[in-house]
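Going line by line, the protein sequences match chains A and B.
Just so we're aligned, residue 1 is where the first sequence starts under the numbering used here, counting upward by one.
Just so we're aligned, residue 1001 is where the second sequence starts under the numbering used here, counting upward by one.
No lab work stands behind these hints: they were computed from the structure.
Owing to the predicted nature of the structure, the values given are computational and were not obtained by experimental measurement.
All residues carry an ideal CB built from backbone N, CA and C; glycine is no exception.
Don't take every hint at face value.
When the alpha-carbon atoms are kept at most 25 Å apart in a straight line, the in silico BS3-like pairs for lysine-lysine are as follows [claimed, not checked]:
hint	chain 1	residue 1	chain 2	residue 2
1	B	K1440	A	K157
2	A	K79	B	K1096
3	A	K79	B	K1440
4	A	K90	A	K124
Restraint ranges, calculated between C-beta atoms of paired labels, are given here [what the hints assert, rightly or not]:
hint	chain 1	residue 1	chain 2	residue 2	range
5	B	G1304	A	E80	17 to 27 Å
6	B	G1381	A	D172	18 to 28 Å
7	A	R86	B	K1318	27 to 37 Å
8	A	E80	B	A1058	53 to 63 Å
9	A	E80	B	T1283	49 to 59 Å
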Amino acid sequence: MTISRRDMLKTAAAAAAASALPVKLPSQQYAPKFFTASEYALVDEMSDMIIPTDEQSGGARAAGVAAFIDARLAESFEKEPPQRWRAGIKAIEALSQQTNGKTFMASTPEQRLALLTKIAAAEKDPKTDAEKFFREIKGMTIRGYYTSKIGIHDDQKYKGNVYQTGDYAGYDAT
Amino acid sequence: MTVLRIKQGQEPLADLSITYDAVVVGSGAAGGMAAHVLTAKGMKVLLLEAGKKIDINAELRSMEWPYDHPRRGDAPPGYHAINFNEYTVRTPPYGKGSAFKHVFSYVGGWGGSDYVKNILVDEKDNPYTGTHYAWVRARLLGGKTNIWGRLALRLSDYDFKGKSHDGYGEDWPISYADIQPYYDKVDRYLGISGHPENLPHLPDSIFQRPNKLTAAEARFRQSLKGMNRTLTPYRAGVTTDGVQNKYRSKCFGRGACSRRPGGCDIHAAFDSPTGLIYPAMDTGNLTLRTNATAHEVLVDPNTGKARGVSFVDSQTHKTYEAKAKVVILAASTLESARLLLLSQSRQYPNGIGNSSGHVGHNFCEHVMGPGATGLVKELVGRETTLDDGKPGNFYIPRFRNLEDKQPGFIRGYGFEGGSGFGIFPDGTWDTPGFGGAFKKSVRDHAGAFIGMGGFGEVLARYENYVDLDPAVKDRWGIPALRFHYNFADNEKKMCEDMATTAREMFEAANIEVIGVDKTILTEGWSIHELGTARMGNDPKTSVLNQFQQSHDVKNLFVVDGSSHVSASCQNPTWTIMALCWRSCDHLADEFGKGNL
């Protein structure tokens, strides 16, 4: 609708393109093409913290969001987005070491939540690399999740993209 | 590049040894209409299109789900669309020096760019220079009609007689009564959906069944009635009840055309190939030549009349001549002006048909950007409904400077808007935080937003113009167009008013205003460029007469948006086709009498 939304979609997509997405595989079985195993585990965990499973629908992990991000970064035409992601993950790990003396994944769920809460607090005006990384991963998580089968059908219960053979749905202009 | 499949077999190359009754340059709304009208009257027509004939349904894949596409609808790596910042900061040619393999106009940056990557032109091959301008071009059979926005509106005498109303500019050499029968013909032949409102400034069409409104829109419509303003279902150039045309289906409310940059693979939405060109080919009177980039109207030095068109094959780069008794330009407002200016000869040193010096001038369009986003609080948390199965949501016609007189600006603007549940939840990007609360908030709010943006008339001004760049050429060695074009005070004041009235209308309807956008988008953004070869009764100040016929060269016609005298604030496609039909009726009569 508004151009700002278009631009945001574009920004989120600017991490660039991806090869075939094996979204049908559970993310555990996905062999990352860009991320290292430990980077991938962090992205998978953090994306699922951003959009978790709830009573309505599966979360980002079930929707294969980490695989979506990995595939796009692996074939990125621009050099900068993959570098930015790698640097962002490093910044998260540094913050985790500094705060908890452990890697992000070795931290307790409470410690991970505290870290994410801290970097998310600066969402409107991120300054540090870790804070900027939150915006980055949130954007791609949104993009990957709400374009997935789980996001569209289970979570949003989207009713469109169908043939309406009788009356159109909606209200008459009266 | 993608290997393109040709659906109905490669067309045999056109016979260029014969002299056609007419050659038409361009196959969009205007060129398609010219081909339809003239072939129906028995004239032998050659239609030249600079782009390819592609298997459009394989491009559009209208019902493909995002998750069934390897990149969720995005184009492959190396494809880039120019964004607002680039248009604002950089200077054209925007594709120059880009590291990307392919560069597209901003339309290639919308969700679903993969579906238009073979439809939009590559900016690297098609440079232009001068002032900032977002020039959106499509080179393929049917041109931009393959992905147009489908809002199909009539103009009224508030537009045709604008000067008589407020003293500015020029009146058109026709009135509504002259074009009304042709609007009717277009409605009946191609199909249009809408709801009659009986407004003098936005005449009703002969409507097929309208799109329905969402709950928010139905309420908003009631509220606006109290302000003497109208919200009407999107008047779409879409056949909802069907037309007699074996190449087109009626609309089944799939909504793909509004979720994507455009396009309809069952062709319920009008496009020139299925609506006009294929039926015209069935008459046996139409010859089609694609990959034919016209670069000069040829002149008979003895008579001063046009004798044909020179074109370069866009793939082989070989040059050919197409001979015809009548030359009809329909290459789009800017490309037709470019072609006139390129056609320099001893008789016509400033370009053919340009004795007035007005070719390229009086360039106008619609200004857009300002608008508002609102939240209908009562709709938060409600169950999902089917809201996006339609070609567009709503239109609020002009209400300024009709009976009233605004202090800051003349002419008017309308709003296009939408609301309700879409395939991608509205408001997601602006929802703060993360986790369960974030997810629930996105879900609860997804269907509760309503948004609208204005489209305003840009005044036709002589000093807004295009000419040929003395140095820069396109991929085929044809001089590029150079822009000298800027919005001025009237547009800026009008845009301030758009933002104000958008807010005021939402507030009156008890819709919570969550954002007001005041940014004016780059010149060109509306893709409604008009006016570069305007009609008029005075050959000194206009290029064409009321039948879109050159004042200087009687067998030369320019039947696209370049002929429009003013932009109105109503979308131009339906007017382009109605005017073209009227002119071609006249042309065929004159041709039959031997007057051309």
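Checked hints:
Only pairs whose Cα atoms come within 25 Å are accepted, and K1440/B paired with K157/A is accepted, the gap being roughly 13 Å. Of the pairs offered as hints, the one joining K79/A and K1096/B holds, with about 20 Å between alpha carbons and a cut-off of 25 Å not exceeded. Distance check on the hinted pair: K79/A and K1440/B sit about 35 Å apart at the alpha-carbon level, beyond 25 Å; violated. At roughly 22 Å between alpha-carbon atoms, K90/A and K124/A fall within 25 Å of each other, so this suggested pair holds.
For G1304/B paired with E80/A, a C-beta distance near 58 Å fails the hint of 17 to 27 Å. Under the hint 18 to 28 Å, the C-beta atoms of G1381/B and D172/A, about 25 Å apart, fit the expected range. In this structure the hint that R86/A and K1318/B lie 27 to 37 Å apart at CB is violated, the actual value being about 50 Å. In this structure the supplied range 53 to 63 Å is violated for E80/A paired with A1058/B, their Cβ-Cβ distance being about 33 Å.
Look at E80/A against T1283/B: about 55 Å separates their beta carbons, and that is inside 49 to 59 Å.
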